[in-house]
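Chemist: Note that the protein sequences, when read in sequence, are chains A and B.
Per our numbering, residue 1 is the first one in the first sequence, and the count goes up by one each step.
Per our numbering, residue 1001 is the first one in the second sequence, and the count goes up by one each step.
You may find that some hints are simply not true.
[What the hints assert, rightly or not] Below are the DSS-like pairs computed for lysine-lysine, each with C-alpha atoms no more than 25 Å apart in a straight line:
(1) B:1067 <-> B:1038
(2) B:1477 <-> A:477
(3) B:1372 <-> A:226
(4) B:1461 <-> A:70
(5) A:70 <-> A:29
(6) B:1412 <-> B:1382
(7) A:67 <-> B:1067
(8) A:70 <-> A:477
(9) B:1029 <-> B:1070
(10) A:232 <-> B:1232
(11) A:477 <-> A:461
(12) A:461 <-> B:1477
(13) B:1038 <-> B:1070
(14) A:29 <-> A:67
(15) B:1461 <-> B:1477
(16) A:477 <-> B:1461
(17) A:70 <-> A:38
(18) B:1070 <-> A:461
(19) A:372 <-> B:1226
(20) A:461 <-> B:1067
(21) A:226 <-> B:1226
(22) B:1029 <-> B:1067
(23) B:1477 <-> B:1070
(24) A:67 <-> A:477
(25) A:412 <-> A:382
(26) A:38 <-> A:67
FYI, nobody ran anything at the bench for these hints, they're computed from the structure.
Each chain, written out:
Protein chains: 2
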Amino acid sequence: MPDTAIPVIPTIPVTPAVLESLRAIVGDKGLILDDQGKQPFVTDWRGSLVGTAAVVVRPANTEEVSKVVKLCYEQGIAIVPQGGNTGLMGGATPWPTHQGILLSLGRMNHVLEVDPVGYSMTVEAGCVLQTLQETAASHDRFFPLSLGAQGSCMIGGNLSTNAGGVQVLRYGNARNLVLGLEVVLPNGEIWNGLRSLKKDNTGYDLKHLFMGAEGTLGVITKAVLKLWPAPKDVCTAWLAIRDPQAAIEILSEAHAASEDNVGSCELMSRACTDMVLRHIPGTQDPLKADTPWYLLLEWSSSRPRADGAEGMSEKMEQFLADQMEAGRVLDAVIAQNEAQSRNMWVIREAVAPASRAEGPGLSYDISVAISKIPQFIDQGVKAALDILPSIRPYPLGHIGDGNIHFSFMGPKDMDRATLNQYTPAITRAVNDLVTSMAGSISAEHGIGIDKLDELAHYRSKIELDTMRSIKRALDPKNIMNPGKVLRL
Amino acid sequence: MPDTAIPVIPTIPVTPAVLESLRAIVGDKGLILDDQGKQPFVTDWRGSLVGTAAVVVRPANTEEVSKVVKLCYEQGIAIVPQGGNTGLMGGATPWPTHQGILLSLGRMNHVLEVDPVGYSMTVEAGCVLQTLQETAASHDRFFPLSLGAQGSCMIGGNLSTNAGGVQVLRYGNARNLVLGLEVVLPNGEIWNGLRSLKKDNTGYDLKHLFMGAEGTLGVITKAVLKLWPAPKDVCTAWLAIRDPQAAIEILSEAHAASEDNVGSCELMSRACTDMVLRHIPGTQDPLKADTPWYLLLEWSSSRPRADGAEGMSEKMEQFLADQMEAGRVLDAVIAQNEAQSRNMWVIREAVAPASRAEGPGLSYDISVAISKIPQFIDQGVKAALDILPSIRPYPLGHIGDGNIHFSFMGPKDMDRATLNQYTPAITRAVNDLVTSMAGSISAEHGIGIDKLDELAHYRSKIELDTMRSIKRALDPKNIMNPGKVLRL
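Go ahead and model the full structure; you've got the sequences and the hints to work with.
Modeler: Written out as structure tokens, the structure reads:
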């Protein structure tokens, strides 16, 4: 547990009578009572948070979710909803004082409908993200949400946390990929907002309220997702660049040069690339150029490459030549095949495992306006070095979204306990800087437990009060994922 | 006024003392008291609704808005916020029983910042939409919101109503064009959510709650808008097509063929085209083909057309040949110059004035899932003809958004009063059909006054209750645009 005081949450216990009522709703196979069985549900993915729950309840359908929530509402029992349990902020992990239930959506994993002509599909909350990507692909369509945990995270959790990932630049965050939702409200009623509509101006847009609420306002049970044409002509390039300012200028010009087909634009540092090459077997340096900054740039089009016609790679070649001429790109290589493209992506995606192998570190998931990124990196690195001069910065991230994973490895040979002594001061310095630049202290990972107090520290009273008013209005008994996102 | 019972709204009058307090805040030039001066503000754009207000208050900046709202909150005085007063549902028009103020944002019309590299601009709520389009263009950028009233509607109203228009297919509704908002809450506090962030996962997304709320939850005072690359290579085509089913199949394949550069896709009927040609001087039939259905298809790319390279028009030619081969397109013409393209657009945009010239009519702004449009048109036309066999249907609209302006001209020589006798039955039949197909009874025009009772009739109690909970939580005194969207 971090140094976060446990908030006041309902502590009505699950009595044997309630347990029998739950059993009557979901059956024996919908309940997990033994400690060993509950352990993976009450421990967070990173292993840093451990909570507790009287019982893990695994309903088979929306009606069972509704009955379970209604029972809890009547009794005042707290509920922690959970999808694939891959969140990084503890939003799906119960507090150690939690005496209620953990509601796992994992059995609700059916794709209910795919409409290729209408570019949409209707799915249950417990569908694994990668399964949905594959389902879309099998209909020659594309579901763009893509992130490290896609093999186990579930779409309900992705939507509840408004997940980000490497395709946000082009397609937007998870909330932009949704046409409609079905949600079980804190009183157990089912809100049927499962509309396949691109346009619907009929009152308050409730779906946007549930997305990003991390399960504190209700349980997402189904969704209608948007689909896109499948990419058919993809070009991946690895660029040695002058500096982060060049990166945003390159991106700014890439939109037009690619005919708005920029898919990803990821900034990497030399230190970061070296760390991956050191720890991840089979990775190769795409470029020998020894410069401090690199860009992974991917353009993709849904139009198949025709013989003789200009494709993405010809457009990219021309663009890179222009950018070299302008002094922004120092050297560059275009992937000539799937293996080369894959190698570039592995370098980007393997930063997390490589940094774990390297030793203890710190990371901040921040965003600022895109044009302020160079200034932020510059000042943020200085601020951290002022506190701990031997810390090793390796900023990287989704530069096209203004989202930097502002990361540091501890000094060589410094252990976690020692590094932890510097952490609060560095965190404060980084988040102060973010706030002074009107940025976000959590660009894509959310609040959960980890940033509960940081949010309270940095957000205005007016904003926090407005959120609290909404929470109280929709969940008057504070049973829905209590003590997450907001302290009441 | 339609046959809508006046809802219960606060009726605290503006006393001379309150008037003096208002004068102290906004000065003499911020107040309009005489009936002639107030008339354009209390009458709706169509001339069909006439309300009243004690005073029109025109603040010069956010601080003045905040002070005015705070005063009204303390006194319990109702506020009707208004932008360009071009809405079609009466959302900005006071009820005849309104005794409070009308708050006009028109003096707050400054563009505060343009960030071309970051693709954003920060503007005040009273900026006229067309001015913002021109501001973006002068920085080689594109602000895509585009609709008939763009010469006088204001961005604050566009955002409050989540406006649609002819670019939604590619760029989304107004809510998708926004990074951040500043809002004066019903208690007069200023919520500063004016962030230029593409990603920000820090609690409930309040901005999406204010957009589409039609001023019932607060007053939008500033916004950070997203910008896009300016279009450089645009191709407009006019297609005679087999039927509406062909239209959605054409669109479905157009995404890939254009490399995701479909800008607009508007369905028109022969009857509708003829009506425009009859009434609007200077318009010319782009195609002589006498088929019942046409499609206006526009592709645009931000990449300038290079000599010898394949541009949008070559891609369109190839695509149209393929679609003719498939039997979906019967005949087609590609605009060869700006004048020909303009003529195609005028035919689409002049439907509203042409129908006013033609005589009394009815129109429903509905949406269904895209793949259900052919079935909806078919059944909807039948339902209306069953009620009034000589009514003349001319469905048209944003087929790529699933949004049809389902319109009818009254029978030849039937006057408005007689047509009005059939209106309630036709409205019920159309909206019943929409609802049975899980569609929306207001795709882009909103609720306002006109659809207050229709929304209450068709939406579930759970959804209405959830909206009411939010309204009461944020506006406990019900002073903010009371009696719009929802009856409390």
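Chemist: Hint by hint, say whether it matches the structure.
Modeler: For each hint, the structure was consulted:
no., hint, verdict
1, B:1067 <-> B:1038, "holds (21 Å)"
2, B:1477 <-> A:477, "holds (23 Å)"
3, B:1372 <-> A:226, "holds (16 Å)"
4, B:1461 <-> A:70, "holds (17 Å)"
5, A:70 <-> A:29, "holds (20 Å)"
6, B:1412 <-> B:1382, "holds (19 Å)"
7, A:67 <-> B:1067, "violated (47 Å)"
8, A:70 <-> A:477, "holds (12 Å)"
9, B:1029 <-> B:1070, "holds (20 Å)"
10, A:232 <-> B:1232, "holds (24 Å)"
11, A:477 <-> A:461, "holds (22 Å)"
12, A:461 <-> B:1477, "holds (21 Å)"
13, B:1038 <-> B:1070, "holds (23 Å)"
14, A:29 <-> A:67, "holds (16 Å)"
15, B:1461 <-> B:1477, "holds (22 Å)"
16, A:477 <-> B:1461, "holds (21 Å)"
17, A:70 <-> A:38, "holds (23 Å)"
18, B:1070 <-> A:461, "holds (17 Å)"
19, A:372 <-> B:1226, "holds (16 Å)"
20, A:461 <-> B:1067, "holds (18 Å)"
21, A:226 <-> B:1226, "holds (21 Å)"
22, B:1029 <-> B:1067, "holds (16 Å)"
23, B:1477 <-> B:1070, "holds (12 Å)"
24, A:67 <-> A:477, "holds (17 Å)"
25, A:412 <-> A:382, "holds (19 Å)"
26, A:38 <-> A:67, "holds (21 Å)"
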